[in-house]
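S.K.: Order-wise, the sequence lines are chains P and L. The numbering of the first sequence is the numbering used here, which starts it at 1 and goes up by one. The numbering of the second sequence is the numbering used here, which starts it at 1 and goes up by one.
Calculated from the structure, these hints are not laboratory results. Since the structure is predicted, the reported quantities are computational estimates derived from the model, not experimental observations. Misleading hints may appear alongside valid ones.
SDA-like mimics (lysine to any residue), calculated; alpha carbons at most 25 Å apart, straight line [as the list claims (entries may be wrong)]:
1) K80/L with E349/P
2) K182/P with K80/L
3) K182/P with H159/L
4) K251/P with G12/L
5) K153/L with S301/P
6) K251/P with E58/L
7) K153/L with I343/P
8) K182/P with K152/L
9) K357/P with S301/P
10) K153/L with K251/P
11) K86/L with I343/P
12) K182/P with S17/L
13) K80/L with E3/P
14) K152/L with K283/P
15) K153/L with M42/P
16) K283/P with N65/L
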Amino acid sequence: MSEEIFLMKGNEAIAHAAIRYGADGYFGYPITPQSEIMETLMAETPWKTTGMVVLQAESETASINMVYGGAGCGKAVMTSSSSPGMSLMQEGISYLAGAELPCLLVNVMRGGPGLGTIQPSQADYFQTVKGGGHGDYKLITLAPASVQEMVDFVALGFDMSFKYNNPAVILTDGVIGQMMEKVTLPEFKRRRTDDEIREQCPWATLGKPANKKPNVITSLELDPYKMEINNEKFQAKYKQIEEEFVLFEEKNCEDAEYILVAFGSMARICQKTMELAREAGIKVGLIRPITLWPFPTEVISKYASKVAGMLTVEMNAGQMIEDVRLAVEGKTKVEHFGRLGGIVPTPSEVLVALKSKFDL
Amino acid sequence: MIQEIIIAGFGGQGVLSMGKILAYSGLMENKEVSWFPSYGPEQRGGTANVTVILSDNEISSPVVNEFDIAIILNQPSLEKFEPTVKPGGILIYDPNGIHRPPQRKDIHVYSVAAVDAATEMQNQKAFNMIVLGGLLKVSPMVDLEHVMLGLKKSLPERHHKLLPMNEQAILKGMEIIKEEQVPA
Chain P
1 MSEEIFLMKG NEAIAHAAIR YGADGYFGYP ITPQSEIMET LMAETPWKTT GMVVLQAESE
61 TASINMVYGG AGCGKAVMTS SSSPGMSLMQ EGISYLAGAE LPCLLVNVMR GGPGLGTIQP
121 SQADYFQTVK GGGHGDYKLI TLAPASVQEM VDFVALGFDM SFKYNNPAVI LTDGVIGQMM
181 EKVTLPEFKR RRTDDEIREQ CPWATLGKPA NKKPNVITSL ELDPYKMEIN NEKFQAKYKQ
241 IEEEFVLFEE KNCEDAEYIL VAFGSMARIC QKTMELAREA GIKVGLIRPI TLWPFPTEVI
301 SKYASKVAGM LTVEMNAGQM IEDVRLAVEG KTKVEHFGRL GGIVPTPSEV LVALKSKFDL
Chain L
1 MIQEIIIAGF GGQGVLSMGK ILAYSGLMEN KEVSWFPSYG PEQRGGTANV TVILSDNEIS
61 SPVVNEFDIA IILNQPSLEK FEPTVKPGGI LIYDPNGIHR PPQRKDIHVY SVAAVDAATE
121 MQNQKAFNMI VLGGLLKVSP MVDLEHVMLG LKKSLPERHH KLLPMNEQAI LKGMEIIKEE
181 QVPA
């Protein structure tokens, strides 16, 4: 039997994927353009089927602290929000990273700064991959470019967060959240039992057995020498993730004279730009970082000496371009094109920018 | 074959749901489909629009700036989207409420008096299906059979009793759409 194909929004896809993954809890507070995530979860009533908790908290601050509590019990818990809401969560995210707790965060970005607009944006790249909260920490960051990847990255994000005991983020935007595409959904997985969690997450605070010391989860360490050791441990883990978990997609780069570098929805738009450019006789390739942290430095570095230039295309004033330039190490010219505040560039607009930046 | 379509009008006219039914119809024909709405304050009563793409191959960008077909249901949308129709493309509009008809000479223009027809049918809600019927007449991108299946799939079961009325409305649209201009 062939798999059933659904037509749904990216936001709805996140909700269905979370239930099917066997997630234990979702805690969130509504904000456009991602409110359909919680709406869909509420409509699906998973507490009646898988036993998943879906709770509308009183604020984003409360949501992220509920995530901290659930994650501390070894449960697969998540929240979602959009840019201003994510800003409110940053303290909690730093604590989750400091306490090495797994969880899934979804940011469906909108135009900022401040309350900004409700239209799509990618201006939270820095906040997500450079540490929006305090301290030296990293978040595993996945950037889906289709509704199908919204589905797939829920499981991948949870799996990676549990593998490394580290929060994972799906960093997406209003385009992918609001658009409908065809998707197939994975099979339903049941939620883990408490015994399974005790076995897989021996650190979890699920109640103290009589013959064991209590598990303590905290990000606090008053002795700076011990805190330095904790930090060194985090850094070693981040290095390991950088070595083990880098995802990207490259298209038509082998013969390319110019490479577009774009993530998420912008990579889709740039794919069309690439088609238009090739029709016009300009050899353009595309690199799409899928993990934004760890960043796919190697592939960009590999092509740096082979092309006449790279153009990063982002719905922001130039954020990922810094990582591209670090990867390129001055070996080729790197330019940026972006629209700001909620405006989505069109494929031909990107082509015009490419031509003007490189005098084509 | 790829068809890039914009549907634009007032919020509440059924613009987004018409796009959705078209997308579902494409799904029923195993086409690749994307549906990208304007989701701003438009939903609360201003202008609303949705980009629907039906394609035999993978769809690269769900966001496009030129369209094969524009379906225009009010004056502000006509101003905004008439210039975005590809030369030789199709513009379909409902003359109701349009005080400055389309000006371009290099495109096909069709009118479908759907507001009047819906009033005649004593069913204002049939409006967007009449427009859809008009579209399918001039650009038969999906079979009526698959449209009905798509409609069934996109409507909650409690509304399935409305399917015959919707089919009637689609047929009405097919009947009343008028060619206004062929490209010069």
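S.K.: Decide, hint by hint, whether the structure agrees.
M.R.: Hints, verified against the model:
1. K80/L with E349/P: Between K80/L and E349/P the Cα gap is close to 17 Å, so the pair holds against 25 Å.
2. K182/P with K80/L: violated, 29 Å
3. K182/P with H159/L: With Cα atoms ~23 Å apart, K182/P and H159/L stay inside 25 Å; holds.
4. K251/P with G12/L: violated, 41 Å
5. K153/L with S301/P: violated, 48 Å
6. K251/P with E58/L: holds, 14 Å
7. K153/L with I343/P: Not OK: K153/L and I343/P at ~32 Å, beyond 25 Å, violated.
8. K182/P with K152/L: Roughly 17 Å separates the two Cα atoms, so the pair holds.
9. K357/P with S301/P: Judged against 25 Å, a Cα distance of about 21 Å means the pair holds.
10. K153/L with K251/P: Not satisfied, since the Cα-Cα distance of roughly 35 Å exceeds 25 Å.
11. K86/L with I343/P: holds, 22 Å
12. K182/P with S17/L: holds, 17 Å
13. K80/L with E3/P: violated, 41 Å
14. K152/L with K283/P: Between K152/L and K283/P the Cα gap is close to 45 Å, so the pair fails against 25 Å, i.e. violated.
15. K153/L with M42/P: holds, 21 Å
16. K283/P with N65/L: The hint holds at about 22 Å.
Consistency with the previously given hints fails for numbers 2, 4, 5, 7, 10, 13, 14, ordered from lowest to highest.
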